[in-house]
Amino acid sequence: MDSKRDKTKSHVFVVIENFLAKEAYSGFLLFGAALLAMILANSPWSDSYFDLWHTSGGLSIGDHKLEMDLSHWVNDGLMAIFFLLIGLEIKRELVVGELSTLRKAAFPLVGALGGMLVPVLFYLLVNRQSGGDISGFGIPMATDIAFALGVLLLLGNRIPSALKVFLVSLAVVDDLGAIILIAVFYTSSLDLAALGYAGITLVGLIMLNRTGINEILPYLVLGIVLWFWVWESGIHPTIAGVLLAITIPVRARIDSNRFLDICRGELNSFDRSGFNRKDMLLTSEQQDSLEKLEDAYEAVQNPLVRLEHRIHPISAFIAMPIFALANAGVQISGLSSSVFNSVSLGIVLGLVVGKPLGIVGATYFAARMGWVQKPAAISWKHIFGAAMLGGVGFTMSIFIAYLAFEDADLVSSAKIFILASSLIMGIIGALYLLRACGRKQGSSKLPDTSPLL
156 MDSKRDKTKS HVFVVIENFL AKEAYSGFLL FGAALLAMIL ANSPWSDSYF
206 DLWHTSGGLS IGDHKLEMDL SHWVNDGLMA IFFLLIGLEI KRELVVGELS
256 TLRKAAFPLV GALGGMLVPV LFYLLVNRQS GGDISGFGIP MATDIAFALG
306 VLLLLGNRIP SALKVFLVSL AVVDDLGAII LIAVFYTSSL DLAALGYAGI
356 TLVGLIMLNR TGINEILPYL VLGIVLWFWV WESGIHPTIA GVLLAITIPV
406 RARIDSNRFL DICRGELNSF DRSGFNRKDM LLTSEQQDSL EKLEDAYEAV
456 QNPLVRLEHR IHPISAFIAM PIFALANAGV QISGLSSSVF NSVSLGIVLG
506 LVVGKPLGIV GATYFAARMG WVQKPAAISW KHIFGAAMLG GVGFTMSIFI
556 AYLAFEDADL VSSAKIFILA SSLIMGIIGA LYLLRACGRK QGSSKLPDTS
606 PLL
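All letters in the sequence shown, in the order written, are residues 156 to 608 by the working numbering.
FYI, nobody ran anything at the bench for these hints, they're computed from the structure. In this text, all values refer to a predicted model and were calculated from it rather than measured experimentally. Misleading hints may appear alongside valid ones.
[Claimed, not checked] Ranges between beta-carbon positions, derived for each pair: (1) 197 - 361: 45 to 51 angstroms; (2) 418 - 194: 35 to 41 angstroms; (3) 418 - 341: 17 to 23 angstroms; (4) 249 - 187: 29 to 35 angstroms; (5) 206 - 418: 53 to 59 angstroms; (6) 415 - 438: 31 to 37 angstroms.
Even glycine gets a Cβ: it sits at the ideal position worked out from N, Cα and C.
With the hints as extra help, turn the sequences into a complete structure.
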């Protein structure tokens, strides 16, 4: 039993390594898309740029009409893929990853909680005292893992791998907090009938899991139905992506030993069947062996990891860049001095000050009290640098800004200062880690008691 679990973990760790590389590279693409959006929004083609995202389209299903403009199709539809990926990452981390045991999860969990609560407190303090809009309190909570890992990628092997794992675990908990926030605080009115249909669909997905169905297609079909009913209910439809992820099976149909037995048998059968050198064609027996090998290849894979592997490129290289292209564009010339308000100040303080202060403060206090144990491979300097990168909000922060504010000027103001704060924290975090790590990883070790500066 332990050997099976170890094999599952080793396979998942390979997937995590691939995930880190892809996520980091997607951060550069995301930054490029955001930069292009800003250029287009302030170019002679700005009218065409904004008109494009306000183009309406949709379809009718019986008495139900599903029609939105292109920006909402991106934010409500395409981003459901991003939230599905987040849900899969969360489930994977909880089952076999860094959050699978309380001992391993405690340190990043404490850091994430501090990194969520302190920025919220900064935002609320600023806006309550000045009478600002407090509905944007969730904006400085989240960390954009793609951007943050992109910065770490630039630093190469100076960065300990344990720090990358810590940052990913931190971001996963951040994302979970943001998902709960969206579901609880950014749902205005509910259609109970549609919510009931969504519940029935979710039960159907759970039944697929419980009956041992590992094929992905039935889950995706019901997932689309779930997305529709969640959209109809008034809850933000991207939550459907997370709910779908929860129901995706973790166990493969066959274990590694059974897979090896099948492969050996079918390869031997393939070899015994001979080869038609004249026509250069496979025999029917060889074709049967290949089909059985293909079936075994599918059966041995963890369905959750397989789906995560397949949709990650779609999320990282299509959904998120399109989201950035659709949402990061702000006309600088059209902004007035009103953008410098309590909302923008709360966002800046939350991301630039609150985020690193919350992460470092919470982990340091908990470690001093003996509640958690800091990984030995990373120092407090590393933690402080990662905490700065935690202030790179971007994707989820902009997403929450759209849900929080109805005033277009507030949305524009929020986007400007989210982008500015994220850029500042990315640069400062990179420079700090470059100075803190200095030489390539492995050339020296920093003591746990090393000062932060």
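Hint check results:
1. 197 - 361: 45 to 51 angstroms: holds (48 angstroms)
2. 418 - 194: 35 to 41 angstroms: Once the Cβ atoms are compared, 52 angstroms apart, the range 35 to 41 angstroms for residue 194 and residue 418 is violated.
3. 418 - 341: 17 to 23 angstroms: violated (49 angstroms)
4. 249 - 187: 29 to 35 angstroms: At 33 angstroms between Cβs, range holds.
5. 206 - 418: 53 to 59 angstroms: holds (56 angstroms)
6. 415 - 438: 31 to 37 angstroms: The hint (31 to 37 angstroms, Cβ to Cβ) is violated, given that residue 415 and residue 438 are roughly 24 angstroms apart.
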